[in-house]
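What follows is the residue order along each chain.
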Amino acid sequence: MFEKSLYDLIRGLRNHKGNEREYIQNSLRECRAEIRGSDMDLKATALLKLIYLEMFGHDMSWASFHVLEVMSSAKYLQKRVGYLGAVQSFRPDTEVLMLATNLLKKDISSPSVPTITLPLVTLPHVITSSLAMSLLSDLLPRLSHSNPNVRKKTVVALYRLALAYPETLRPAWPKIKDLLTSEDEDSSVTAAVINVVCELGWRRPRDFLPLAPRLFELLVDGGNNWMAIKIIKLFATLTPLEPRLVKKLLPPLATLIRTTPAMSLLYECINGIIQGGILESVDGIREGEEIAALCVSKLRGMIVVEGDPNLKYVALLAFKKIVLSHPDLVSNHRDVIMDCIEDLDVSIRLQALELSAGMVNKANLIDLVDRLLRQLRQMPSTSGMANRGCNSGLRIEPAADSDGEDPELVLRLTKDSNEDGSVLPPRYRIAIIEQILDICATNTYANISDFEWYISVLVQLVGLVPAESSTGSESGGTSDAQTSVTHTTGEEISAHIGRELRNVAVRVISVRSEAVRAAASLVLAVVNQISNVVVGSTPSGALRFAAWIVGEYAEQLDDLDGMLSALTHSKVVTLPSATLSAYLQAIPKVLVIIISRASGKWDRASQSVMSLLMARILYFLEPLTAKPSLEVQERAVELAELIRVASQAVADHSNYSDHWPLLLTKAIPQLFGGMDINPVAPSAQGRIPLPTDIDLDIPFSSTLASVLQGATAGISPDSEAEDFARFYTQRPAGSESEDQTTASRLIVPGPEASSYQTSEEANTDTSLLTRKRFERRLKNKDDPFYIAGEDVSSGASTPFHDIIKNTNGDGVDVDSIPIMNLDLGDRVISHGSAEVSNAPSKTRLAKKYQIAMDENIDVDNVSDFPLEVGSSGQARMGKASKKSLLQVDSSGLGGLALEGTSSGVGAGTEGHSLEDAEMIKAVQEVERLRLEMQRASERVPLSQGISPEGTLVKKKQKRVKKAPRTDAEITRREEALPGGRKHDGHVVASNVEGDAPVIKRKKKRKADLRRALDNVQIRKEILVRQRAIDHLEARAIALPNELKLDGKARHLGEWRD
Amino acid sequence: MINAVLVFNNSGQPRLTKFYTQLDTSVQQRLISEIFTLVSNRPASACNFLPLPPLLAPPSTSTTTTDPGHYSDNPTNITYRHYATLYFILISTSTESPLALLDLIQVFVESLDSLFNNVCELDLIFNFEAMHACLAEMVVGGVVVETRVKEIVKGVRDSDKGSVRGKEPKMGPVGAVGRGMWAGR
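Chains as they are written, first to last, in the numbering used here: chain A, 1 to 1057; chain B, 1 to 185.
Hints listed in this document are in silico derivations from the structure and should not be mistaken for laboratory results.
Possibly wrong hints are sitting among the right ones.
Examples of chain A residues lying across from chain B (beta carbon under 7 Å, computed) [unchecked claim]: (1) R36; (2) R91; (3) P92; (4) V96; (5) P114; (6) V121; (7) L344; (8) S347.
Rough simulated footprint, nothing fancy, chain A against chain B, three-plus residues with beta-carbon under 8 Å [to be verified]: (9) 16–26; (10) 89–103; (11) 116–128; (12) 145–152.
Please read these numbers as outputs of a predicted model, since none were measured by experiment.
From the three backbone atoms N, C-alpha and C, an ideal C-beta is built for every residue, glycine too.
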């Protein structure tokens, strides 16, 4: 029989260019057969091949049992393959691991060092809390193994054990601490311990304070940079807890900063000083100023140094942290930071950009923005950059011909910097634009001293928004943590610019005309552009706002006719519907101003001008009335109706009258004119107190479904109103019977349900029809979705009014809801521009721009509504976190008395959201169940040996099955078991009722255990239950971030030294 | 801690994948291709730190401005280095120092280099088990345990020596394989 080795497989892959997929499938089939055989060599080889193919995404979870088989091989090299297979392929739901416990125990205690290291290296990948529990006793002695290699790996393995099973640390920590404090310990072991301590440290820094002297010693004369970095990182979490440390740390840190040649250590020293809050705590002291200056100058040095983008990048990161507390220090180095904005590397640019945003003030804003604008202008956005790596969706196949240029090339660091950085990815362009807008808009334009300039910037930005097509392809694969997670498209950023323009137009009255001119230029430019450029290639989000401005402030326009023709240009129809509906709203506003400007008497000339105008608008509107977008359609229909009426009025108007038709001069302007629009704070709406007698949960109509069905029923199109209703409510003929069925599915069968059947015959009887119609109208009167006929005299609010009347009696008057009183002045409305005297910050000194602030309502009694929400929310949060604290105390460590009460304030549990708390709860519940199960399974052997315990086991198992139990119960039960758990980590079987703890000797228990595990039946049962729990756990730990350890790590919050 | 170590070549073919948390194979592959997309788009002059790919990006609901003084379990750093035809990637949490991680990649490559004597991609393709062994000497469970090249190489060689050798030469000790193995290609 032909057998392939891994070598053959790889070579075969390389020889099968083009049809690798088939080759791989064949190989997988072969492996499947080989791994099932009895020949261990063959098994191991097949496994190795599977591991190799797994790397390319070929699932090998089916082979988990065979992995175990190979792991148990007596030969080291085969064993190693088996362990590698476990590392690479075992997943949280791999069940066979339970069977490996004895094997792992054996290998951990092996006399051969390589064999010991295999489980040590593998355990971190596969550890579960029950496995941790049973292996702990075997791992602990390895901490004092003669080989330092074993010791250091054991330390790390124990750390990972602790993440899954916090109890690990109780017996392990003293020993690890001994390793750390021992002077003559191997340096690599010390370094490994430091690494572990650093990982543990940030979660519970307080527990590591006693180690500070030893850490300090290691830092000063450790001589190992890697270790020193970790120690500094650890100290950064300790210093906030122990201010005295700062004084002690400063001199050695300063020395290190001054003397070390290692950039990484230098950087981490500075970083540690920043992170540890050392800069703040020594503020004012001479040494503090010294160290701050030293840090900043070193960071500057890192930026200035040529040719190392990494240093630049991390230095900017550090600056970003410093700027929060010491903006003055950083702004001294504005020059180098600004240079970074023009760096070739986009990541550096983005960092510098964010940093510079933090340093912006009135003086440097214009300079910064101009610089960014220049950059945007100079560097054309090419989509080639974005398209280069677009294979993100492709599955990677182990292809033979994809070695890259030369696989035999010796691995040397690539350092060719001939690449030109002149291409700006669209993502970066958008980030720049976003940043410009954010910088300028900070604090309601506090830093802008020249609004004319700002408007011109905005107009320029609209033109610089990258084209849509390239951003679309870009957004698929890349994202930047710093800018935003969700991608801003060109369309969105364009809309953002438009919004800014509108903001300025609304808020800054003195430059309004300028803003209107800018908006008009945008609207006009698009028409010109559209005529020769493909529509849709340039983002048009800004147009929507430009059109609004043009309409709202049309009186500021010079060329109204030109604007109107731009708004009604035939090419406009192709714009997105949101923009189009803004256009539609702007048209009548412009028209109103045209009419108002038309001076002189009404004569033939003005009549023809007007009717031409109307005809033009109608010509534009007509195709839009059939637009699929509802918003556009509705507005177009409305407006078209209005214009038709107006043109009728123009045509009918007496030629002999000097006066213009009243419809044009009075009626229509009234529709579109009115008060100035002021900015309103986003929170204003929420501050309007909700009347207590309105229940928003009450449905408008309980008969909605039947109403809908009634509407679907045949209606003879004899009146316009019905025609209209039919248009909206009825499907095209032919589908009526289907409509009937869908509608009837919705409703509870009532008397109306039969209306369809009767209506057909009714069509013949007109008197019956009229009656039916009347009935329907009566029925639909209260339905907000039904458009009332002309004979219903009441206004739009009637349905609501009636509903309230019907449900609450006649006492309620909708009109008294304070919403209507908003502008009547009985509540104080803070109007920024009006109150110059008491709001000096709102007036711009430089060119005395007045920027209107958001209007808001200062309602005295408002406090009882929103505050209530806030406080109840807080209360809810507080309750939740409290609950999670309780949970932390009782679970897992329930049987152990923790000293002090602060144990709950673990870093892991603080400030987590409700969901997190629930997640913790769920995870802990699962964890507890699992531990309990483990205990139950360990109790099984006793049932075989000792008869009175047999019944007990049964009871226990029963309890495991009924999963949900309160924590308090568990705590109580565990407290009730004095001998229930020993501190050495062994679980001792005990009577559940707690009246007579039965403590068995360790040896005997072990023997029992082994006997039990031989019992296949029991093993099977354990597996089944394990599976159920794993399943439960998998659902509970569906954390968003795949690589996150959080769920496990949070348990560390429970542990205290 | 280190969350994952990845090695892939210039066309995104994985050469080593090591995740220190258990992930589904499909998720692993998606992550690899996302990172490859990010990394392959970078000019050589760019710095060696990647932004987080969409798969690792923090959920938008959580506070994006994390307290600088606090670490977390979320992977936040992606550090890479490009050697000839191979990219070496480290995904880590903020408890690791970015510059030190760059050094760690260098240590890894140097160790491989002294194991294989002028290591190249082909060495690593055919001896991926040795690459795993080498990494296991440096990083255990996401925690760095050794940073000295000499010790790492010694550890790998010891693990081969200190055992009963397998009968099959193709599964033989990694120290002995070196170049000759694929020479007949």
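Hints, verified against the model:
no., hint, verdict
1, R36, "19 Å, violated"
2, R91, "5 Å, holds"
3, P92, "5 Å, holds"
4, V96, "14 Å, violated"
5, P114, "4 Å, holds"
6, V121, "5 Å, holds"
7, L344, "5 Å, holds"
8, S347, "6 Å, holds"
9, 16–26, "holds (count 11)"
10, 89–103, "holds (count 8)"
11, 116–128, "holds (count 8)"
12, 145–152, "holds (count 5)"
Hints 1, 4 from the earlier list are contradicted by this structure; the remaining hints agree with it.
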